[in-house]
Amino acid sequence: MPKSQPWITHTDQIEIIGAREHNLKNVSLDIPRDRFVVVTGVSGSGKSTLAFDILFSEGQRRFLDSMNAYARQFVEQMARPDVDRIIGLPPTVSIEQRNSQGGGKSTVGTVTEIHQFLRLLFARLGTPYCPECNLPVQGQTTDTIVQSLTLQVRKRGRLNILAPMIRNRKGFHSDIAEWALKHGYQRLRADGEWYQVDQPFKLDRYKEHDVEVEVGLLKKTDFSATQHTQSLVETALEVGKGILFAVDDEGEVSMHSTQQACPSCGYSTPPLDPKLFSYHSSRGWCPECRGFGELFYVPEKEKDSGADAVEESWFHRQEGKREPCPSCHGSRLNQLARSVRLSLRGYPSSLPEMSGY
1 MPKSQPWITH TDQIEIIGAR EHNLKNVSLD IPRDRFVVVT GVSGSGKSTL
51 AFDILFSEGQ RRFLDSMNAY ARQFVEQMAR PDVDRIIGLP PTVSIEQRNS
101 QGGGKSTVGT VTEIHQFLRL LFARLGTPYC PECNLPVQGQ TTDTIVQSLT
151 LQVRKRGRLN ILAPMIRNRK GFHSDIAEWA LKHGYQRLRA DGEWYQVDQP
201 FKLDRYKEHD VEVEVGLLKK TDFSATQHTQ SLVETALEVG KGILFAVDDE
251 GEVSMHSTQQ ACPSCGYSTP PLDPKLFSYH SSRGWCPECR GFGELFYVPE
301 KEKDSGADAV EESWFHRQEG KREPCPSCHG SRLNQLARSV RLSLRGYPSS
351 LPEMSGY
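Those letters in the sequence shown? Residues 1 to 357, by my numbering.
Since the hints were derived computationally from the structure, they do not count as laboratory data. Note that the structure is a prediction, hence the values are computed from the model and not measured. Where is the CB? At the ideal position from N, CA and C, for every residue including glycine. No false leads were mixed into what you were given.
Calculated cross-link-like contacts (lysine-lysine; reagent style DSSO-like; alpha-carbon spacing at most 27 angstroms):
# : residue 1 : residue 2
1 : K170      : K182
2 : K170      : K275
3 : K219      : K241
4 : K47       : K25
5 : K155      : K219
6 : K105      : K170
7 : K202      : K182
Derived Cβ-Cβ restraints for the label pairs, each shown as a range:
#  : residue 1 : residue 2 : range
8  : D249      : P287      : 21 to 27 angstroms
9  : D143      : Q13       : 56 to 62 angstroms
10 : P287      : M67       : 40 to 46 angstroms
11 : D204      : C265      : 35 to 41 angstroms
12 : K207      : E323      : 27 to 33 angstroms
13 : C133      : G192      : 23 to 29 angstroms
14 : K321      : G41       : 35 to 41 angstroms
Please put together the full structure from these sequences, using the hints given.
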């Protein structure tokens, strides 16, 4: 006696048997899975019925049936389509049919609003990797940070040790200067510029800012007094909630964190945030192409305006003349965002890889 075939088997196609929904008259067909499939035909032939009323509707219905009763009460139950059998149908997603006028930075992900969920996914579950060593970034100890700063101060000279107070937030932030003055600190660094805390301090309310407080100064001679150095690093980490910046006289900045750093070279990353994966934000976009993925000419007199509308205008004027960005290779994101990976077996592990998936 031959063995009976299981009702559900792994298949590379979706098999529809006896579809009688709307205009379809007992139609049976096989549709390839994991492929880009186009449904075409004359008006009234049942294209939308097949795609939405059968494939999408039944895929959603089966997915909801797999959830518990509590979860199902918040979702409208979908009717079963008039079909004898559908085999090999996975959960389905339907993109809303609408006219949308996108800008130069618009993609399928942003227009369909899928991109915001990908940003959240990578921010919460992603693991940063060192771009040089290709190792996962891990937390540093205070002793490791002290040792790293010891090497840096010998190479770079004296270092200003800063504790981050505000990261990528709008507002005047005058209260930061008041807090620093009250606790005995003398200087702040806001968006790369230095300010005395006893002087008027008021930033542009409607722009995003980064503000750090100067905790102290490290010199080559300081490392003979290990206790002083250790105390300075511990204070900076406490004020900065596990993060400190070391800035030399040339303005070069290195970051150190008890949260995330490369175990080989000490490369550190800030905590992951959804804005890091947005090419509409200065925190996430590639600094060379500013999130467009392509290079195009903008007059110097208009570059200083910083208006998105100006860039969009010049982007569209140069259709066919733009060149792929050599820094991000069209992924639109900066190096840190591109280095974050997900552990998804059999699927793309980074956002740049997903762009071609």
